[in-house]
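Sequential numbering of the sequence shown, starting at 1, is according to the UniProt record's numbering.
Rather than coming from a laboratory, the hints here were simulated on the basis of the structure. Treat the numbers as computed from the prediction; the structure is a model and nothing was measured. Any given hint could turn out to be false.
Said to hold, decoys possible - Once the Cα atoms are required to be at most 27 Å apart in a straight line, the calculated BS3-like pairs of lysine-lysine come out as:
no.: 1; residue 1: Lys40; residue 2: Lys283
no.: 2; residue 1: Lys297; residue 2: Lys270
no.: 3; residue 1: Lys410; residue 2: Lys427
no.: 4; residue 1: Lys40; residue 2: Lys527
no.: 5; residue 1: Lys71; residue 2: Lys114
no.: 6; residue 1: Lys285; residue 2: Lys255
no.: 7; residue 1: Lys357; residue 2: Lys417
no.: 8; residue 1: Lys274; residue 2: Lys224
no.: 9; residue 1: Lys538; residue 2: Lys326
no.: 10; residue 1: Lys360; residue 2: Lys374
no.: 11; residue 1: Lys206; residue 2: Lys142
no.: 12; residue 1: Lys357; residue 2: Lys422
no.: 13; residue 1: Lys328; residue 2: Lys374
no.: 14; residue 1: Lys113; residue 2: Lys357
no.: 15; residue 1: Lys142; residue 2: Lys21
no.: 16; residue 1: Lys274; residue 2: Lys285
no.: 17; residue 1: Lys305; residue 2: Lys270
no.: 18; residue 1: Lys274; residue 2: Lys259
no.: 19; residue 1: Lys37; residue 2: Lys20
no.: 20; residue 1: Lys147; residue 2: Lys313
no.: 21; residue 1: Lys538; residue 2: Lys357
no.: 22; residue 1: Lys113; residue 2: Lys166
no.: 23; residue 1: Lys71; residue 2: Lys144
no.: 24; residue 1: Lys147; residue 2: Lys274
no.: 25; residue 1: Lys119; residue 2: Lys147
no.: 26; residue 1: Lys316; residue 2: Lys422
no.: 27; residue 1: Lys206; residue 2: Lys274
no.: 28; residue 1: Lys270; residue 2: Lys360
no.: 29; residue 1: Lys423; residue 2: Lys64
no.: 30; residue 1: Lys166; residue 2: Lys144
no.: 31; residue 1: Lys285; residue 2: Lys144
no.: 32; residue 1: Lys119; residue 2: Lys40
no.: 33; residue 1: Lys490; residue 2: Lys40
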Amino acid sequence: MKKISFVLLSIALIGCASGKKNNLRMNTELSVDEMKKDVKFVERKLFNMHPDVDLYISEEALHKKFDSLSKTITQPLKPNDFYLKIAPVVASVRQGHMSLNLLNEQLEKTNKKKYKGSKSPLSQFDFLWNDGNLYVLKNNSKNKEIKEGSIILDINGISPQKFYEKYRPTITSDGLNETFIQKWFGRKVTSYYASEIGIVDSLTMKINCSDSISTQTVHRIFKKEVKKSKTSNKSKAVKDSTAIVKNDTLKPIKKILTKEQRSAQRDSLKLLAKKDRIYGYNKPKNEYSINLSYPTKDSKFAVLKVQSFTGTKYKKAYKAIFKEIKEKNIQNLVLDLRGNTGGRVTEINELYSYLTKDEKFTLLNPTVVTSKWKLPYYMHAGRSALHYLLLSPFYVIQSPIVFFKTKKGKDGKFYYKLEEEKKYKRKENYYDGELFVLTDGLSFSAASIISSNLKGTKRATFIGNETGGTYNGTVAGRLPILTLPNSKLKWRLGVMNISPSEQTDEFGHGVRPDVVLIPTTEQIINKEDPELDWILNKLEIQK
């Protein structure tokens, strides 16, 4: 027990010190030699661990890029300035799962209590990057002068266009398509601002709203303010409800629930919590990761929106959903994968088993890796010594399993056996009606893989935009995060080449839709849905 307490105390102390250490590192210049060693580290690990490093660029060309990079490093730089040099070389491999991350300012021990539970100024907004401009999609701040649809001209004096020009070379999709990049920049733009302006209590936004330019201030919302706001609203509600009896000197009588009522209330809350776990409730967005809806008067039309293939009890969710689809005799189903950046292969295998008309199917081709002996290490590379120490019993069991599941093929490549490479039977309760699939540039990774198989088997009609992930697969599976030895930049890379059983002859592109429909900025801001409207018009269904 004392040993466990000592370990926990050590972890707490390390956490307290890490913020200060990180912030000092951010502002300390690296020597030329340190940066060149980091370049060699990335080059060596990339060629050793990545199973498809030369798919979109030749090995010779990539080695030349690393050599040229080393030659351009002639003076000391801070880590994030070094990032701007090395990240474009990593992005030239054109593998969307692989990325370097900027160092960001972290809270130090003296500030953790102050900022705990607070909302930073930028986190109070949802943004859209489209047509070369940054728009406000949603405003959750207290400053209601910033209207939805406003164009952000600058934040703290820095324009989003400047950031796009600066960071665009560091972003890549899978392969040659561009649809992912524009969408991804819109999601990442707040992190770019955070890396440059740091942790702040307020910031200024210069906005253009209906051709009227103004400068607005947005403040951090602290935990006490959130509590105070909730208390104030509650008090107002009580005041309003008792206004008609304001001259009554009697205190309001608190409603006392019976034992049966309390029991029913507890059961109701338990059922709600169970639903949240099964369907993956996202509290900040007030939506479920998996959601079946009926947006029209037609009782035979439904939309299955899957936000992400993570964070749910997916087997229970899909079982219940397709039971409902069968009971309601749904004839037209829309699978909405827009904005779905992927997740578990096991989940898309489960979903596909309800959608395919084939009695038996295989979701994936054999998975390529770079080594039989080193794969167990590669899968968990970059972990701390403490992590390995605490989980060593698990690794002792797992490593031999990984080793024996990895075989050398006749072509000289190593293959790791995933469960989804086996033949599966479709579900008895499968859906056999008309299927439409909605995709966009953020339909990535697992969302692209299931799209490839649905497209290749001609199971569905696709509407929207080309997926951000390529048709023929991606390098992902396990995504260890390595730390560059000197700059301490975090680097994520995939170690398994995962490809769908359905393939295409077109090189380097995603799943292209049968009907290309890209919403305009105005349509997005006004929450219009031209892709869904196209389907409804085709089926002659009214909303």
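Quiz item: Honestly, which of those hints from before does the structure not fit?
Solution: Going through the list in order, the structure violates hints 1, 2, 3, 4, 5, 6, 8, 10, 13, 14, 15, 20, 22, 23, 24, 27, 28, 29, 30, 32 and respects the others.
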